[in-house]
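Peer 1: Chains as they are written, first to last, in this note's numbering: chain A, 1 to 320; chain B, 1 to 290.
Since the hints were made in silico from the structure, they are not lab data.
From the structure, some residues in chain A lie toward chain B, with a derived Cβ separation under 10 Å: (1) L119; (2) Y145; (3) Y159.
On a predicted model such as this, the values are computed, not experimentally measured, just so you know. Quick reminder that beta carbons are idealized off the backbone N, C-alpha and C, glycines included.
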Amino acid sequence: MNRDVAMGGPAAVRRTRGAFGRKLAQGWKAAKKNKVSYLFAAPYMLLFFTFTALPVLVSLVLGFTSFNLLEAPMFVGMDNYIRLFLGDDIFVKAIGNTFLMAVMVGPIGYAMCLVFAWLINELPRAWRTFLTLIFYAPSISGNIYLVWGVLFNKDAYGYANALLLRYNFISTPILWFENPEYMLGLVVLVALWTSVGTSFLSFIAGLQGIDRSLYEAAAVDGIRNRWQELWYVTLPSMKPQLMFGAVMSITGAFSSGAIVTALCGMPSVDYAAHTIVNHLEDYGSVRFEMGYASAIATVLFLIMIGSNKLVQKLLSKVGE
Amino acid sequence: MIHIKLSRSKNGIRRSYFADFGIYLFLTAFGLFMVLPMVYAVSNAIKPLEELWYFPPRFLVNHPTLENFRDLFVVMSDSWVPFSRYVFNTAFITAVGTAGHVVLASLCAYVLSKHTFPGKGFLFSIVVLSLMFSGTVTQIPNFIIIASLGWIDSYSALIVPAFASSLGLYLMKQFMDQMIPDAVLESARMDGASEWKIFWHIAMPMVKPAWLTLIIFSIQGLWGIGANQFIQSEELKTLNYALSQILAGGIARTGTGSAAAVMMMIVPIIVFIISQSKIIETMSASGMKE
Chain A
1 MNRDVAMGGP
11 AAVRRTRGAF
21 GRKLAQGWKA
31 AKKNKVSYLF
41 AAPYMLLFFT
51 FTALPVLVSL
61 VLGFTSFNLL
71 EAPMFVGMDN
81 YIRLFLGDDI
91 FVKAIGNTFL
101 MAVMVGPIGY
111 AMCLVFAWLI
121 NELPRAWRTF
131 LTLIFYAPSI
141 SGNIYLVWGV
151 LFNKDAYGYA
161 NALLLRYNFI
171 STPILWFENP
181 EYMLGLVVLV
191 ALWTSVGTSF
201 LSFIAGLQGI
211 DRSLYEAAAV
221 DGIRNRWQEL
231 WYVTLPSMKP
241 QLMFGAVMSI
251 TGAFSSGAIV
261 TALCGMPSVD
271 YAAHTIVNHL
281 EDYGSVRFEM
291 GYASAIATVL
301 FLIMIGSNKL
311 VQKLLSKVGE
Chain B
1 MIHIKLSRSK
11 NGIRRSYFAD
21 FGIYLFLTAF
31 GLFMVLPMVY
41 AVSNAIKPLE
51 ELWYFPPRFL
61 VNHPTLENFR
71 DLFVVMSDSW
81 VPFSRYVFNT
91 AFITAVGTAG
101 HVVLASLCAY
111 VLSKHTFPGK
121 GFLFSIVVLS
131 LMFSGTVTQI
141 PNFIIIASLG
151 WIDSYSALIV
161 PAFASSLGLY
171 LMKQFMDQMI
181 PDAVLESARM
191 DGASEWKIFW
201 HIAMPMVKPA
211 WLTLIIFSIQ
221 GLWGIGANQF
231 IQSEELKTLN
241 YALSQILAGG
251 IARTGTGSAA
261 AVMMMIVPII
271 VFIISQSKII
281 ETMSASGMKE
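One chain only, chain A, in its complex shape (with noise of 0.2 Å):
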């Protein structure tokens, strides 16, 4: 607190005390000091803020308004945010749905990298390559997800009918992706099978990254079992690449909707597998309407940015 004022506070003051002018002025010498540097960045951030900013700052205004993309759009205050909480019973199940999903999908589909890559990194290296490429394949290779469908596919020629049939464990064929019984959970299952992806392979890069000399420093401290070495040194050692693979799992998680697409149908039977991007793409590409799928949008930016901010603070526990 002492520090901050002793460093902080000075400088602040003359902050304030600077001349709007001046700065502008030293802004644009400072710019043509540094035009090369400007250049180089300017291609990619030009595309980035035309695809990517700009989209999110539009998504943002668009949500407080009413637009069929024929009309202009026109402004209605918080009626769509009203709408979709107090008014939309389907968007409070896909709310639900979402969060059971991505409860699920995100913390298990990220201890799944945490723990695969973690007793990969223990393997020979021969084994360490082939194992790597099976519990990663599935995440690249497009969607191929849809076998998925194949093998639990409604009538008797599906893989799951078929062998339960066979041994007289049903009597008529389920329709597994129909049934709100089952599809929630298929469906988390196919989301799990593909979400051991980008974090998966930034945690073994992380293991294999670690200093051994750090190991052999915590046994003589007294590092008893592979749990404490765990615990206090390699998780600790690997703390960016943790960072990266909880942003990569909690985006996946909770963008899942073409999986539910793909198996269940749109919309799911029942809704009972409807997820907020179903909602946003039924609002946005099935009805047009645009200022309440934007609402949608904005809805789900913010919960991915507060699960983000709080799963980096349970991280920044870590090896404590």
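Starting from the structure of chain A, add chain B where the hints point.
Peer 2: Quick look at chain B alone, frame taken from chain A:
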């Protein structure tokens, strides 16, 4: 018998063989869970028609055939846009999108990592923030922007936005922070090299694993691109779109569908196998730095 020696002494900690056995069992179980659906897809893709109709269905193929792959190219070319056109579209989008992304992201990452200029911290933190949301959130405005640029129904709608994906810049910057010593750049500047020369002939060769990784991620992302809201003409649509159309045909198309699915998955997997060690080398330099 394959013997895997799990116990290691290098950390100075003894491990029980019982726990090692558990680990082995655990990895095998989950490995099977991960790999069996893919084996099933491959096996279905090389099954002759009559085997697809066996009841109960067989997991593995008895008499493998390449008929299904031939069907993709031959039979589909009579009735619809030739299948090879979808392959070409996807390959073209992937190649151009990846090349542009690697060059532009590296250029930008280079100055973010090695130059100091006003606004640098702000630019990088916005890119980091943008890692936190998925493309779905920006779908609608993206559509509006691409429509107002007049890019609907053109390759540009899929290629140009891919140039500026945030993951690539992020990884590249982290890697350059770690791998390029400032002293090397300084001495090059003393010798009078231009910034472009320094970037292209000194910095880029030093971070070869990094841009190899970028290439991999970019190929993986673009090869699976569907995005049919931007493309209406059948002859500009992608492989991923074609695959979902074939699979939507139901059980009758299982064989061709599986063949298409295998075509989809084989390219990213091959690219990954070729470059696996390089990727991991790069990833160890990345991570969220606060």
